[in-house]
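J.: Protein chains in written order, with this note's numbering: chain A, 139 to 203; chain B, 36 to 759.
In short, the hints are calculated from the structure, not lab data.
Please note that the accuracy of each hint is not assured.
Pairs of lysine-lysine, DSS-like flavour, derived with a Cα cap of 27 angstroms [to be verified]: (1) Lys162(A) with Lys718(B); (2) Lys554(B) with Lys150(A); (3) Lys162(A) with Lys683(B).
Label-pair restraints from in silico Cβ distances [stated by the list, open to error]: (4) Gln611(B) with Asp160(A): 29 to 39 angstroms; (5) Lys758(B) with Pro146(A): 32 to 42 angstroms; (6) Ser97(B) with Pro146(A): 57 to 67 angstroms.
Here are some, though not all, of the chain B residues that point toward chain A, as calculated from beta-carbon distances under 10 angstroms [as the list claims (entries may be wrong)]: (7) Gln308; (8) His318; (9) Gln555; (10) Phe559.
Positions of the beta carbon are idealized from the N, C-alpha and C atoms, including for glycine.
This is what each chain is made of:
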Amino acid sequence: MITVNGEPMEWKREMTVRDIIDAKRYVFPLLAVWIDSVPVPRDDFDITEVPDNANVQIIHMISGG
Amino acid sequence: MEKMKVLAEWSYDPAKPFRGYTGKTLKVNVGDMTFESKDVSEDMKDKFTGGRGFGLKLLWDSVKDTTKWNDPENEVVISGGPLCGVTQYPGMGKFYAVFVSPLTDQTYDSNAGGHFGPLLKFAGWDAIEIQGKARKDVVVVVDADEKKVKILESPFDDVNAYTVTEALHEYFGDPDDINDRRFSSVLTAGKGAETSFWGCINSSFWDSHRKMPRLKQAGRGGGGTILRDKKIAAVVVKTHDLSGTANNPADVDTLTRLGAKLHKEIISLDSKQCRMRTAGTPHLNEIMNEYHLLPTNNYKFGQHKDADNIHSKVYEKMFTQGIADGCWYGCTMACAKAVDGYELKTGPWKGKKITVDGPEYETAAGLGSNVGVFDPEWTTETNFYADHYGLDTISLGTGIAFVCECYELGLISKDNTNGLDLKFGNKDDIMELLHRLGEGKDDFALMVGKGIHKMKDLFAEKFGADRKVMERIGMEGQGIEVSEYVPKESIAQWGGYFLTLKGPQHDEAWLIFMDRVNKQLPTFEDKAEALHYFPNFRTWFSLVGLCKLPWNDIEPEDNATKHSPQEAARVPEHVQNYVDIFEAVTGKKITKEELVLQSERVYNFQRVFQLRLGKGTRKFHNIPDRALGPVWADEWEARTEYYDNELKAGGIDPAGLSSQEKCDRLQKIRREQWELLVDTVYKRRGWDKNGIPTVKKLKELGMDIPEVIAVVEKHAKPEDQWKD
């Protein structure tokens, strides 16, 4: 099990950041991701695997309409 | 066009900008045909910075406590601010219009791109105040080339925007050089602005590629209505004193360096980020739909099965690509997209091929999904006519959405609408309503154009419509219509819309992602902190003359890897750019904290100004039920599982309850949360329980101006002070 933005999510082997983004239907392009407080470069979302028990923050960067 | 008759004129010596300021403001009274130049003091700069701050200060000095929107002493004050007109960095050509609004009966500020703000300053003026009421239609002209300000007799029978703007660009341009027309800019409203309270101010810029004027809008609050009430057909500014250093900045090298860096960032990253250069703000259409934020059928729903019809890719194809669509020089973000060669299908110009400015996201949603229409061509046509008639597309969209729901609920009927079948999605009849608003003769359209706040009174009084139901579904706050995002699932955004100075416009704070998706604002104190920081940070754009889009619709590649999640949302590198640009233009060193302080001064001053005009207390921070959560069963049933969980989180078991009962229970919970939010935000802002800035707060800000303190002391009550 992992935590994504404070909510539990089932963990799967070889799960990547992109898999989580797709599962959550986060279509906004300005996403920033931290795994256990370590930032993940945007270009690495497809290849960065998420370990079990990780605390993942997927932040939508927009702060103004 | 024949030579216009001069009714009054006044000579002046245009002051050259120095460090972003000319040090002079202009007052034109079209009633008694007088002109006045005022000096800008250092104290005025320190306290009010410029732009909206100058507008509010000048308006404060000109109106009475009892002034209403259509009193002659009400003004439209226009000011760009010290950074307005910079060409090295993107997004630096905005002006801010300030006035007492017909919709809200308090001060309103509304901004527009186009060339008017920069040209006004380069013509010698940090601000222009327009006061009085002319006896017949006039054109006000600030002509720095001739060193004259004039009031001319308007020759226009048709005061609609494109007619007047095109004619005046031609009239004031060199007949032998069409691109000489770029040295003028024209403000207009339109016939619809005259007969409704939704009048926008159109601001032109000459598009040298298309060889035609384009229009941007200070859309909100009814500024165009005031222009027409004053019988102003247009305001023209003209100067050839235009260059990349016309502001006479302290440090042009820094401006060039920072600008070059952002240009590179935009060029290299925009296609991977927001696609502002190709799709403009409609890049948000499908995103808002995916997150249940796209207002649909008067904000009942946030998602619709036909939303793909208005996908940004559809608009991207409609927009002409490959043209530098910046609304001021040097803006590589270039999001002022346009549809060229569009053939109008309806209305007075039916069959004519025109260029439409936009649609932008707000219009695509307001005059699209929110009225149940998913047809980009129809939206494009409404966009054109709204601009032409001088109508704010946001209030128009939200206002018509309210009318449609009233119609579908049976609160009003075809007998009341003069034969229009105003169901959601009925494109032909909604278009006809727009033309009737533009024409200003139909009695139902005249009622609609007064805005939702007054429609509720009128529909109840004239048609016997149920007032309580209309209060629940009418998406307005403080008298103005909500802009085009569904706020009901974000407690912080309730505040972002309804705890604002002037009503629910999204220019103070857009916190839905931070609050609801990112879960970065878990406590009410966190939400209050965001509702302190973002409104104040964003107010700063309005003081100095900037567009906010280059702040956070593009971000440095390493923004997220360099900063913590909480910090990254503020885009620190871009904030630092603004700090550095302020010093590079004005020569005054500030910190990022002082930047917010500059805003906080004006923010609190405007709050006291509302109080002075009889508003500005807690009872005016009202929020309709529709903004808090689902009102009717079908809204609940569109997301049953989600809302059932919301109810459970509030400690109520949804089992056995009807959908309507569930709606009512959730409303009760959320109404209590709203009151808690109001208290927490007021405390954080340094306001008392009634929403009045405390004397202590004003002293801290250096805004303890005697007449400001006197207003506070007149209204503040001991029982409203916090005990802790």
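J.: Taking the hints in turn, state whether each one holds.
T.: Against the structure, the hints come out as follows:
Taking the CA atoms of Lys162(A) and Lys718(B), the gap is near 36 angstroms; set against the 27 angstroms cutoff, the hint is violated. Distance restraint check for Lys554(B) and Lys150(A): the Cα-Cα separation of roughly 23 angstroms lies within the 27 angstroms cut-off, and the hinted pair is therefore satisfied. Simply put, Lys162(A) and Lys683(B) have alpha-carbon atoms about 22 angstroms apart, close enough for the 27 angstroms limit, and the pair holds. Distance hint check: the CB atoms of Gln611(B) and Asp160(A) are about 34 angstroms apart, consistent with the given range 29 to 39 angstroms.
Distance hint check for Lys758(B) and Pro146(A): the Cβ-Cβ separation is about 41 angstroms, which falls inside the suggested range of 32 to 42 angstroms. Evaluation of the 57 to 67 angstroms hint for Ser97(B) and Pro146(A) yields a pass: the beta carbon distance comes to about 59 angstroms. Taking 10 angstroms as the C-beta cut-off, the interface hint given for Gln308(B) holds, the closest approach to chain A being about 5 angstroms. Look at His318(B): its Cβ gets to within about 8 angstroms of chain A, closer than 10 angstroms, so that hint holds up.
Because the beta carbon of Gln555(B) sits about 7 angstroms from the nearest beta carbon in chain A, less than 10 angstroms, this interface hint is met. Because the closest C-beta pair between Phe559(B) and chain A is about 17 angstroms apart, greater than 10 angstroms, the hint is violated.
In summary, the numbered hints that this structure violates are 1, 10.
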